[in-house]
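K.L.:
In this text, residue positions in the sequence shown follow this note's numbering: the first is 90, and each later residue adds one.
A couple of the hints might just be wrong.
[Said to hold, decoys possible] Distance condition first, Cα-Cα at most 16 Å in a straight line; then the derived EDC-like pairs of lysine to aspartate or glutamate:
#1 Lys-167 x Asp-101
#2 Lys-170 x Asp-101
#3 Lys-95 x Asp-150
#4 Lys-170 x Glu-229
Because the hints were derived from the structure by calculation, they are not lab data.
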Amino acid sequence: MSVIRKFQVTFDCAEPERVARFWCEVLGYVVPSPPEGFATWDEFERSQSSGDQGSWFACVDPSGVGPRLYFQRVPEGKVAKNRVHLDVRVGTGLVGEERLAALEAECARLVALGAVRVRLLRADGVNESCIVMQDIEGNEFCLD
């Protein structure tokens, strides 16, 4: 019998809260409640040492189904292509022009949030079209 495990996806970034809030908007995720004993995240942050303040942030699927996204501050910037990326599934079940229209509409919404469109990969007979994008710190993801 297989065991289903929960997992989180961790992003290295310069500004954890800013990137987390971007992904909340992309995915419909929410910021979880602050740790027990704190009324707000600001109160929690003030309780941390100056070196730890703003060092991480997280967001969660409000339905509890999707993975938790965790964002941790790192000193170095992104220098190469991601080894792992998210596919944001906005065109599932759609093909051809209908799929392209859905992808383009979502692309426009995300560009308004600060994402960058990299390129359109058109359907090739095996794979359907998708749009390669970057989040607000340059991490690649696909609208699929």
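K.L.:
Could you work out which of the previously given hints the structure breaks and list their numbers from low to high?
P.N.:
As far as the earlier hints go, not one is violated by this structure.
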